[in-house]
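For reference, the chains in residue letters:
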Amino acid sequence: MRRGAWLAMILVPLAVLYASLFIGRFNIPPADVARILASRWVSVTAGWPASVEIVVMEIRLPRAILAMFVGAGLSMSGAAFQGMFRNPLVSADILGVTAASAFGAALALLLSRGVVEVELLAFLFGMVGVALTYLLACTYRRTPMLMLVLSGIIVAAFFSALLSGAKYVADPDSKLPAITYWLLGSLNGSSMQSLGMAVPPIIVGGAGLMLVRWRLNVLSMGDEEAASLGVRTDRLKGIIIVCTTLITAAAVSVCGIVGWVGLVIPHLARMWVGPDHRNLLPAAGSIGATYLLIIDDMARSVSPSEIPLGILTAILGAPYFAYLLRKTQGAWQ
Amino acid sequence: MSKRLVEVRNASFKYAERVIFEALGLDLSAGEVLTVLGANGCGKSTLLRCLAGALKLCEGSIRIAGEELARLDASARARKVAILFQEHQATFPFSALDVVTMGRTPYLSALGAPSRHDRQLAERSLEEFGLLHLKDRAYTGLSGGERQLVLLCRTLVQQPEVILLDEPTAHLDFKNQVRCLKLIGALAGRGVALVLTSHDPNHAFLFPGRALLMQANRSILIGAPSEIITSASLAATYGIEVGVFSIPRAPPLQGLTVCSPW
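So the protein lines, in turn, are chains A and B. Numbering of the first sequence is given in the numbering used here, commencing with residue 1 and proceeding in unit increments. Numbering of the second sequence is given in the numbering used here, commencing with residue 1001 and proceeding in unit increments.
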């Protein structure tokens, strides 16, 4: 891949990050943002009100960074799963992680718990859900793809039913709206704390995927063929599942269900750099980070009240995916 | 005597109650080609998978280049045995060069990626077989014949002692069948042992080596093609009447043997 592409992968998300700090309903001049950022390292005479610094450093910056990590993580997981399942229509929630996380969050909201407990429970349930899927799919110490997919459907259906149950018993005046709003996905209210909670698992999972990205190429040729080329396929699948689950559970736990990112972005990345996961994973991460950051900027600035992320990603993602599908006639080049 | 690469001793394999082969013994030397013949569903592919270590024998042992196959881990096995399966599904448009480079995977560390040297090896093997023009083409866009040749190149960069091919000429047109068969002959000349399954008994006569006939009554015949491929043995294998004919040719060419329904 050309060096320009690598440079673009790093610089474009950073540029959008900078823009995200001055874009918003509370208007801040770009120059002030630059000065505030610089004041962390060099002494700059403060020519701005303290409230501006709070908005930039404590509200917009953590939120923007979180959006980038979530976007990058979901896209990389989606790309890894599409390769592993040899199916470009798969995304990170195929093993039931989203449904299980959603139930975990709903349970915490039902019990009137705070933000930290909601995030924690969502994360734990996500991990438990995928573990269930994996155990269910294990036959004779192997994990055939078909078994994984079917087990994922079963586990997702089970947790969806539990979620419906939680909604049914929730107080319709206070808790039901909270659950519903959480499910729509939002980065509103993300703090340094949520950053500390979601970013480490996303980094660990992302790094794990990056380490196996060549073997992921070989695995995408099929289990049997990969095994004949010396890949221990069941172990590799286990590693990929653990990594994507860490990422997705962490992402869902801090911002609810954000659909479409993990499905559409890998396609975009594949169109840009081709199917080789050595380039595809970084490209998907970079595009995903930029995309979700832009979406989140729209979510918090186009209307007086926040628009849930899940609505925007689907409203933009679905037509775009339809366009891609028509244009390529389903040939996923 | 050339190096003995495959030693099968008293091997048997069955699916539940269905016996595929029993008490099979077989030796293959470097440069030898074994053509496995048999009716649909008789277990040719199963035999090949056992030789690749993808399926475990119920009894007996297989040694590849002196080492017990069952004791090798996946990459050590892949450095000794390469196999091309009959069914191959191409999902993502990897370049032909990337696909050939995948043959280097057993030589990489668990988290490693191919080096420039690995890519050069892949490129050289494409060049050797006159396929270099395909190198940057999306593998999904190649014709069936080109794809098969690219996959054969991949087995080559795997640098195995033994190459197993499951119906390598299936789905190929006549020209590509011939190209593919010639390539297989060239591979045998490099000191590997080759096992291929085929639906065409004539293939057995094309290579220096023996034929293995999996007959309908579960008995297995192994021997020189000219000795074991007869009207009677083909009838016992496929349940049909065919003739086996010798066609003399002027020296230095050797005579040909062909099977024909008439």
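Just so you know, the hints here were simulated from the structure itself, not pulled from any lab data. Hints are not guaranteed to be accurate.
Here are the simulated distance ranges between beta carbons [said to hold, decoys possible]:
1) A:Ile54 with B:Leu1111: 39 to 47 angstroms
2) A:Arg326 with B:Arg1009: 53 to 61 angstroms
3) A:Ile154 with B:His1199: 19 to 27 angstroms
4) A:Gly238 with B:Gly1243: 51 to 59 angstroms
Just so it is clear, CB atoms sit at the ideal spot from N, CA and C, and this is done for glycine as well.
Checked hints:
no., hint, verdict
1, A:Ile54 with B:Leu1111: 39 to 47 angstroms, "holds, 43 angstroms"
2, A:Arg326 with B:Arg1009: 53 to 61 angstroms, "holds, 59 angstroms"
3, A:Ile154 with B:His1199: 19 to 27 angstroms, "violated, 41 angstroms"
4, A:Gly238 with B:Gly1243: 51 to 59 angstroms, "holds, 56 angstroms"
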